[in-house]
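Participant: Just so you know, the sequences run in chain order A and B.
Take the first sequence: its letter number 480 is residue 480 in the working numbering, and every next letter is one higher.
Every number in the working numbering is 1000 more than the matching position in the second sequence, counting from 1.
There may be inaccurate statements among the hints.
Label-pair restraints from in silico Cβ distances [said to hold, decoys possible]: (1) B:Leu1066 to A:Arg75: 14 to 24 Å; (2) B:Ser1113 to A:Asn272: 34 to 44 Å; (3) B:Gly1099 to A:Thr525: 53 to 63 Å; (4) B:Ala1143 to A:Asp288: 23 to 33 Å; (5) B:Glu1050 to A:Arg75: 30 to 40 Å; (6) B:Asp1027 to A:Arg75: 54 to 64 Å; (7) A:Ser210 to B:Gly1136: 42 to 52 Å; (8) B:Asp1027 to A:Glu130: 34 to 44 Å; (9) B:Gln1149 to A:Pro287: 45 to 55 Å.
Sample of chain A residues facing chain B (criterion: CB under 7 Å; computed from the structure) [to be verified]: (10) Gln95; (11) Arg96; (12) Lys110; (13) Asp112; (14) Pro287; (15) Val289.
These are calculated hints, taken from the structure and not from any lab test.
This structure is a prediction, so every number in the text was calculated from the model and none was measured.
Positions of the beta carbon are idealized from the N, C-alpha and C atoms, including for glycine.
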Amino acid sequence: MGRPTKTPPAPAPVGTSRRGFFKRSGAATLALAATPMLPLQAATPGGAFRHGVASGDPLSDRVIVWTRVTPPTQRSAITVDFVIATDPGLTQVVQRGSAKTNPDRDYTVKVDVARLQSGTTYYYRFTALEQQSPVGRTRTLPAGPTPRIRMAVASCSNHAAGYFNAYRRIAERADLDVVIHLGDYLYEYGPNTFGSLRTPEPQGEMVTLSDYRTRHAQYKSDADSQEMHRQHPMIAIWDDHETTDNSWKHGASNHTPGAGVAGEGDWSARVNLALQAYYEWMPVRLPDVTRRRENQRAFRFGDLIELVMLEERLSARSQQLTATLTTPFGPNTGFVQFGAFADASRTLLGPLQEAWMAERLRSTPARWKFIGQGVMFAQLKLQGGPLAAGGGVFFNTDQWDGYQPARNRVYEIFKGNANTAAVNNCVVLTGDIHSSWASDLSQDPNNANATTGGYNASTGEGSRAVEFVTTSITSPGIPDPGNGLAGQLLVINPHFKYIDFNQRGYMVMDITPQRVVGEWWYVDTVASISNVQTFGTAFETQNGSNRLQPSAQTTPPANPPALAP
Amino acid sequence: MTTPTHLLRQAGCAALLCASLGPALADDFSFSGQIAFHNDLVQIAFSLIEPSNNVRIWTDSWTSGLNFDPAAALWQRIGADSSYSLLSQVDDDDTIDPGQGFYDTGFMLSSLSAGQYRVTLVAAFNAASGMQLSQGFAWDAEAPILLEQWNQPSYDPNANDQKRGFWRVNLSQVSQASVVPEPGAWLLMALGLAAVAPLVARRRTATERITRGTT
């Protein structure tokens, strides 16, 4: 069990990581505003299935169903039976089967149920140790002509930072086909390090296999998380906190290599442990069991959407560079695209994944190409400037801004070249930064002349794709009273159409062949259990436009499949 | 699905009290091999000359998923007509021997009368179809699937394991034991003999011709 003598990590110094600043500055504020230590949420009932059920990675003919069995005493093999039906009462059974689990899998159960019908809602239940699990609900992806898809998009669900009210709101929606989670599904920190509303288990940073498993178990014990997983299939990727903060291929800012009191061991070994627990506890299908870091996957929603989910941390990412310029945020908070920042050998995806994504985006017959990924793709500057004048002062070295040549290679896919056609209708979905952003995507957004590769902010001309960034489920962002900071950034960065730092919640994407609408939905608080949510705003992109325009709240389809009882 | 072995143990106690075990008439055996298909059947015959209170039978080949997940059944010969009746059927029991893994199987038999027995080994859980061995197993009618192309129900999708067919069955304190050739193996042997027979005959004929000096 962990390392009992380990002290909580000190907050990373501001300046090494812009994203750390985003996250921690808000944490301190929230901690001050909160009442001292709210009582813990009531424990979920005991029993064999206390961690609920989940489903994920749906394809047109299969979906993964997941649960975890808690035996009363240590057991070797446990046989788990399951049933899949087309009705909530489980009377119209289409498959029965069994699986097993054991201590080496932390008693988790993962079944990839095949031979299912496309675009169909299913209900499922597990039985083990003479107990029944709750009934779960899931849905396969459509095949062929697909008129409409609705998905929720989530990220940054920090148990210590607050209650998962947003998950509960997602669970209550019967009108969703799938939930996309863009990472930071769980956080590694010990108590009062990043969030103090709930106490992490174990009470220390997760480093060992037991630590990672215990933390996953705590998240899967949360009633709101359980309900979200029970009602919808999830397509999840990790960001950094599933291992530790600001991870990259060979390390992380929150990893201290080596032995000794402060040492957290070998990075590669730690990643292996983190991923073992991740794959045990998440309804995720491994693309290749021998290459566990390469978690990128593709999902086809009939002829409507090709969704690629990217791996941007562990398989290839080059180490983050350090910002060295002084900005209004303080010293060492800005950088320009020179020197190492212009090094084309630095990468987020690695050549294999870049090629894989390019092939997927170029060859798919689907109308929309969705790119689900971790860190903001759009440029974010504290001081604007056209590319010809250096491009201005950037802020976050952990985002694509810190990997500009690699980002340019993605733009080459969007734009096409002499050998390959342009790829239109690309929609980037992003999480990570605990705030909401809508953006046109341009390589030179501060150059108003679209004919020279720039971007016309009033018409959107020059935009090559669009990006929707979802806020966090709970993780605190920068407090921005009166939205003053957001207003300033909108002026400096004309490609952003919407920025909000203050609200927690999720997005709903409503997709038809004609347009993609992104809605931001906000909960009123994460400091206590609450049922209040409000519609924030909506933007959309029209077929063939590659740019955003204001939109309105969509109307959910009538008569969606019943939620699981 | 599992006949509790403790019933066997209890049933055996009375007999044990009456029985006077003589000098060691028992030995330990270990058999191993490969199966190729998901519904393959391994049979091991063993006998007890005298009643025993310490027969153990177990697999130790699962090896954390390196090989298929085995299930075993124990059958006793009834009468002289070679019919075997089911005594017990176990999918998982790793308490027989320290060398076992979670999904290995086996029997701890605290009382077993003298007689002829069979142990059958299948991929879990190709259950016996009835109380007689002649009734076969649940997956007998299925088209065989190569193990490396089969996702055994108990496999771990995170490891894509249990794709190999190595098996090992250990028997402790039985009188005699041997692997029963598959019916297919008998057929192959018969075919082999059939193929060899004409050659032998031809060679004999040739030899005779040479001996007789005919050309």
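Participant: Work down the list of hints and note, for each, if the structure agrees.
Facilitator: Results of checking the hints against the structure:
Checked against the hint of 14 to 24 Å, the C-beta distance between Leu1066 (chain B) and Arg75 (chain A) comes to roughly 21 Å, which is consistent with it. A C-beta distance of roughly 52 Å is found between Ser1113 (chain B) and Asn272 (chain A), which places it outside the suggested range of 34 to 44 Å. Checking the proposed 53 to 63 Å range against Gly1099 (chain B) and Thr525 (chain A) shows it holds: the Cβ atoms sit about 57 Å from each other. As the Cβ distance of Ala1143 (chain B) to Asp288 (chain A) is approximately 28 Å, the hint placing it in 23 to 33 Å holds.
Checking the proposed 30 to 40 Å range against Glu1050 (chain B) and Arg75 (chain A) shows it holds: the Cβ atoms sit about 36 Å from each other. For the pair Asp1027 (chain B) and Arg75 (chain A), the supplied restraint of 54 to 64 Å is violated, since their beta-carbon distance comes to about 33 Å. Taking the beta carbon of each, Ser210 (chain A) and Gly1136 (chain B) are about 45 Å apart, inside 42 to 52 Å as hinted. For the hinted restraint 34 to 44 Å between Asp1027 (chain B) and Glu130 (chain A), the CB-CB distance of approximately 41 Å keeps it satisfied.
Checked against the hint of 45 to 55 Å, the pair Gln1149 (chain B) and Pro287 (chain A) fails, with Cβ atoms roughly 19 Å apart. The beta carbon of Gln95 (chain A) is not positioned within 7 Å of any beta carbon in chain B (closest approach about 12 Å), and the interface hint is therefore violated. For Arg96 (chain A), the suggested interface contact is broken, since its CB lies about 11 Å from the closest CB of chain B, more than 7 Å. Interface restraint check for Lys110 (chain A): the shortest CB-CB distance to chain B comes to about 5 Å, inside 7 Å, so the restraint holds.
The beta carbon of Asp112 (chain A) comes within 5 Å of a beta carbon in chain B, closer than 7 Å, and the hint placing it at the interface holds. Interface restraint check for Pro287 (chain A): the shortest CB-CB distance to chain B comes to about 11 Å, outside 7 Å, so the restraint is violated. The restraint placing Val289 (chain A) at the interface with chain B holds, with a minimum CB-CB distance near 5 Å, inside the 7 Å limit.
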